[in-house]
Amino acid sequence: MTEDESRPHRARQRGRQRGQRRENQVLVKLNDDEYEKISGRAAAAGLTSASFLALLGIQDVPDSAAPAKLTDVQLRALAAELYAIKRILRGAGTNLNQMAATANTTGEIDPTALLHAARAIKTQPRLDALLDEIRQVFPW
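Numbering (the working numbering), first residue to last: 36 to 175.
Possibly wrong hints are sitting among the right ones.
[To be verified] Straight line, CA to CA, 20 Å or less: simulated DMTMM-like cross-link-like pairs of lysine to aspartate or glutamate:
(1) 104 <-> 167
(2) 72 <-> 58
(3) 121 <-> 163
(4) 121 <-> 168
(5) 121 <-> 167
(6) 104 <-> 58
(7) 157 <-> 116
(8) 157 <-> 143
(9) 157 <-> 167
[What the hints assert, rightly or not] Pair by pair, the computed Cβ-Cβ distance ranges are:
(10) 93 <-> 154: 18 to 24 Å
(11) 173 <-> 72: 23 to 29 Å
(12) 76 <-> 148: 54 to 60 Å
(13) 113 <-> 70: 35 to 41 Å
(14) 94 <-> 160: 36 to 42 Å
(15) 153 <-> 107: 15 to 21 Å
(16) 172 <-> 62: 46 to 52 Å
(17) 59 <-> 161: 48 to 54 Å
(18) 93 <-> 120: 15 to 21 Å
(19) 165 <-> 107: 17 to 23 Å
(20) 79 <-> 153: 51 to 57 Å
(21) 140 <-> 107: 47 to 53 Å
(22) 160 <-> 105: 40 to 46 Å
No wet-lab data here; the hints were simulated from the structure. Ideal Cβ positions, reconstructed from N, Cα and C, are used throughout, including at glycine.
Given the sequences, and given the hints that come with them, work out the whole structure.
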């Protein structure tokens, strides 16, 4: 068995193509953890780190990595929830702004100002949960 035949198929295939392509280079900077993981996986595959990254880079992206599609019903529900949160925050912000203007003029703070502030604060977890759901469907 020759040395070329003992290497994994990917390594043999990439080695045969050397003269068939231009030699372009890509600089990749890795932290220590990334470097160790890539080097170890490349060695286990019988490849150099550069060949390993090149082979991974030219593979098709699996469908599971593509963002999921939302149905029309799900999209409408998402939009409705976002509009509801927007309405709550806009109302609370407008009321607080008016109360702040009055407080600056009269020197007195409207006692309901804390209620409007609390309403805005209570909306934050709802917004965070909605954004988490969106990130699960559309990872960024």
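Structure-based check of each hint:
no.: 1; hint: 104 <-> 167; result: holds, 16 Å
no.: 2; hint: 72 <-> 58; result: violated, 25 Å
no.: 3; hint: 121 <-> 163; result: holds, 13 Å
no.: 4; hint: 121 <-> 168; result: holds, 17 Å
no.: 5; hint: 121 <-> 167; result: holds, 17 Å
no.: 6; hint: 104 <-> 58; result: violated, 39 Å
no.: 7; hint: 157 <-> 116; result: holds, 15 Å
no.: 8; hint: 157 <-> 143; result: violated, 25 Å
no.: 9; hint: 157 <-> 167; result: holds, 17 Å
no.: 10; hint: 93 <-> 154: 18 to 24 Å; result: violated, 53 Å
no.: 11; hint: 173 <-> 72: 23 to 29 Å; result: holds, 26 Å
no.: 12; hint: 76 <-> 148: 54 to 60 Å; result: holds, 58 Å
no.: 13; hint: 113 <-> 70: 35 to 41 Å; result: holds, 40 Å
no.: 14; hint: 94 <-> 160: 36 to 42 Å; result: holds, 40 Å
no.: 15; hint: 153 <-> 107: 15 to 21 Å; result: violated, 35 Å
no.: 16; hint: 172 <-> 62: 46 to 52 Å; result: violated, 34 Å
no.: 17; hint: 59 <-> 161: 48 to 54 Å; result: holds, 49 Å
no.: 18; hint: 93 <-> 120: 15 to 21 Å; result: violated, 42 Å
no.: 19; hint: 165 <-> 107: 17 to 23 Å; result: holds, 18 Å
no.: 20; hint: 79 <-> 153: 51 to 57 Å; result: holds, 56 Å
no.: 21; hint: 140 <-> 107: 47 to 53 Å; result: holds, 49 Å
no.: 22; hint: 160 <-> 105: 40 to 46 Å; result: violated, 23 Å
Hints 2, 6, 8, 10, 15, 16, 18, 22, counting from the list given before, are not met by this structure.
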